[in-house]
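Chains as they are written, first to last, in this note's numbering: chain R, 1 to 433; chain B, 434 to 709; chain L, 710 to 997.
Just so you know, the hints here were simulated from the structure itself, not pulled from any lab data. Fair warning: there could be bad hints in the mix.
[Stated by the list, open to error] The calculated lysine to any residue pairs, modelled on SDA-like cross-linking and capped at a C-alpha distance of 25 Å, are:
no.	chain 1	residue 1	chain 2	residue 2
1	B	Lys536	L	Arg720
2	B	Lys615	L	Val728
3	R	Lys163	R	Glu402
4	B	Lys536	L	Leu987
5	B	Lys697	L	Gly809
6	R	Lys419	L	Ser770
[What the hints assert, rightly or not] FRET-style restraints, in silico, Cβ to Cβ:
no.	chain 1	residue 1	chain 2	residue 2	range
7	B	Ile690	R	Lys324	43 to 51 Å
8	L	Pro904	B	Thr623	44 to 52 Å
9	B	Asp655	R	Asp144	48 to 56 Å
10	B	Ser535	R	Ala94	54 to 62 Å
11	L	Pro904	R	Glu232	51 to 59 Å
12	R	Tyr42	L	Tyr743	45 to 53 Å
13	B	Leu455	L	Val769	41 to 49 Å
14	R	Leu367	L	Gly852	46 to 54 Å
Please read these numbers as outputs of a predicted model, since none were measured by experiment. Backbone N, C-alpha and C define an ideal beta-carbon position, used for all residues, glycine too.
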Amino acid sequence: MYLKHALRAATAMTFVATAAAHAQSITIATVNNGDMIRMQGYTDKFTEATGIDVEWVTLEENVLRQRVTTDITTNGGQFDIMTIGMYETPIWGANGWLVPLDGLSEDYDVGDILPAMSGGLSHEGTLYAAPFYGESSMIMYRTDLMEKAGMEMPEAPSWQFIKEAAAAMTDRDADINGICLRGKAGWGEGGAFITAMSNSFGARWFDEDWKPQFDQPEWADTLNFYVEMMSESGPAGYATNGFNENLSLFQQGKCGMWIDATVAASFVTNPTDSTVADSVGFALAPDTGLGKRSNWLWAWALAIPAGTQQEDAAKQFIEWATSKDYIELVAENEGWANVPPGARTSLYENPEYQKVPFAKMTLDSILSADPNNPTVKPVPYVGIQFAAIPEFAGIATQVSQEFSAVYAGQQTVEEALAKAQAFTAEEMEAAGY
Amino acid sequence: MARTVTTRRKSFNTALAWAVGLLIFFPILWTILTSFKTEAQAIASPPLFLNFNWTLENYAIVQERSDYMRFLWNSVIIAGGSTVLGVIIAVPAAWAMAFVPSKRTKDILLWMLSTKMLPAVGVLYPIYLLFIRLGLLDTRGGLVVVLMLINLPIIVWMLYTYFREIPGEILEAARMDGATLKEEILYVLTPMAIPGIASTVLLNFILAWNEAFWTLNLTAVDAAPLTAFIASYSSPEGLFFAKLSAASTMAIAPILILGWFSQKQLVRGLTFGAVK
Amino acid sequence: MATQHSRSVARLMMAPAVVLLLGWMLVPLTMTLYFSFKKYLPLRGGDLGWVGLDNYVRFVSSSSFWPAVQATLVIVGGVLVITVVLGILLAMLLDQPMWGQGVVRILVIAPFFVMPTVSALVWKNMFMDPVNGLLAHLWRFFGAEPVSWLSEASMTSIIMIVSWQWLPFATLILLTAIQSLDSEQLEAAEMDGAPVLKRFYHIILPHLSRAITIVILIQTIFLLSIFAEIFVTTGGAFGTRTLTYLIFQRVLESQNVGLGSAGGVYAIILANIVAIFLMRIVGKNLDA
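In isolation and in its complexed conformation, chain R is listed as follows (with noise of 0.2 Å):
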């Protein structure tokens, strides 16, 4: 009850705060990915056109999600944009948290932003963030030592083709790994990976009564394909590696390969950066042929806290920023190849977006994915590399720590799935499923 009084006096007094104090400013919060920072340069461009100012907060992923779920949870009204994913939005959306984002303006075309993307950030029907870019993930490779290695990529390969490729292409004397592959500790890192791969081996994280599923065969196999592959072709030191450091062993030409999200191909091709962009292609992520694939679905989306002073300023700005606009103002100045991807249909209609090498891949593994069926066997939660529940991000930043410590050879696989499914079960009992 005295929470509930203290929220109260609280959102009335920082409604009058930050109403005196911005009068036509906005706050964003916001992670500090390539093509946000990007945005920032642009802003005065949003600022001269509508007169609103704009205060960037800009975090490293991990900080940012604390402190916009702290913000949010008790409606602290200290941003007027978040930026969240497709993990979060579905369950803030639920609560009321966020304002809805209907009512936009016709040149907007709501109808363009994929499907796949507005289904993810939507709950029971209602927008509720708006996907700046969107990702699945997908193989890249270096064309060059896949021939040196005598092999060919099929477009849509197996694991077994993958290992067996990885193998091949591995040269230690010559510090050049088959397969980079994340393993770092984390929900959104190497669990996210992890995750996914597994729904192509069969295995699920819950069972239809919510029963933790790590006891099943299916995670032992994805594990144990995982460890052995990455024993025998990975770098040393995969245990801690995410997206980020794998994406500039790639660069320095230290990978032959490389399954991770879409956007990564932008940052591959680029000359200034990697050093093998002449040599790269791409394909599918791999399955073993239970008619699942291992990527996953991602979205980097713009939401409005309820409670905001700014609500149509904050509009205003979403709309500028995720339309059709916005993308053909950065793809004058910087080509199409450094345009948020994976978010409009448009784009992928755009003849000259398609003339960019992985723009195709990069849209049939966004719609080969699908969030509300995304495992073999039938499960009761939405979404690929995570389950939509409050508890997932908790849960499973745990599991992959211990899996992280399997990959760092402090435990057997066995003792992993062990630990995760008794830890899992735990905490789903504490939540009273």
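Once you've looked at the hints, dock chains B and L against the given chain R.
Same frame as chain R, now just chains B and L:
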């Protein structure tokens, strides 16, 4: 009687001490060097020490992306404000403990220190809610108060150890001469305690400057100090060693320079009365 | 000199500091206690009612609890041992006559001024990275396989980083203490032909005991709550989940404020056990 030392022994000491000193300092030196490299040079193999093309582009990029001066200014205000406020509150308390000690003085001191052991993350939600209610989120004032409270025990303790070194007879003599309590503190005690207060201020300024939990979680834009500045450069996409190094150098340089210039006071300040 | 009047004045002068700290302790503590008896899940609608001691039982019976306590004590203990031992050696070295003593001292104190976040980032990326880190280059130069520091030697790595930050502090205090040692006493012992080790044990070490106690006390207070170094480097993986970090995971990652608050209460209890233990030693030593 001075110790006689051979030149050979002195040379040996010098070489060894310099080697150890450089080894300890090396991570900082390496960060500074890396900040002047391009991203590609920063990860070159074998590593480049001085034989690279020095560039300022990382500093330019960092400055363009975030307004360094604003973060710096917030850091100065927050660290400075909390230290000054802390000293103002601590001086009378330390004076009382040092010159009118009672049986419980030491218990109170130790209790004060024990409040420092409260794990910050455990009280994040309570404090956040409190800050919302008081309208203190993202204000420098709010952070000044929190950091002052965090460091107050250390300030009181340090001042107490200095004050205790001041002989009580001097104060009594002043009192005999008819000095009031205010005069006693202002004209007799303070001048004698200035060096001690200076070291206390210095140490707490550093501690407040480097505090990274509350300063990050209770700020957004208006009060964000350098710890928040750094949080936007850790592990972004792509190569980042050089930019991270530039941002790190910018974040630690002010305090490093301050610390070096005042190291004599600091050395004194760090003794906590352990040494007479 | 302590008259009734001066006593009450003294009390008045202590009041602001005591009241403020009491408030700083009691307000969050009361709120933590309050939350710890609640089922409080911010992502599930917030306050879901009283649950008695459930959170306390759950926190202790979790498989992560004892390893976390152990990790905390290992890190605190490890850092204390390293900084005190190296600090004494370094202080004795710096006490010797040499050229450029001032500059060396500046080099040695520098790590103390570096923000914990920055030093963790620099160590993690530029030194301990198994591919591009400087240590990996060094290992390869000598023909050894680079070590994946943060996964294979996670505890060692964190203890190394934290020790690097705190070594200057220990060195400075110990150096000041050594400098105050009566050199005639040492020389007399030297003339008597007492071996180096004996001189160290019988003259230097006893003289340093007070300074060592101070180092241990102050460092323990700060080390019990280290967070940034773990958050940045391992994120609690590979057995580096300390009690503070476990609470962080409960409160922020799992969004279970009730459970995390119960953990907070345990952490306070642990801190106080350590504190009482320390105070006993220090209390004696401070009188001396």
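Which of the numbered hints above does this structure break? Violated: none.
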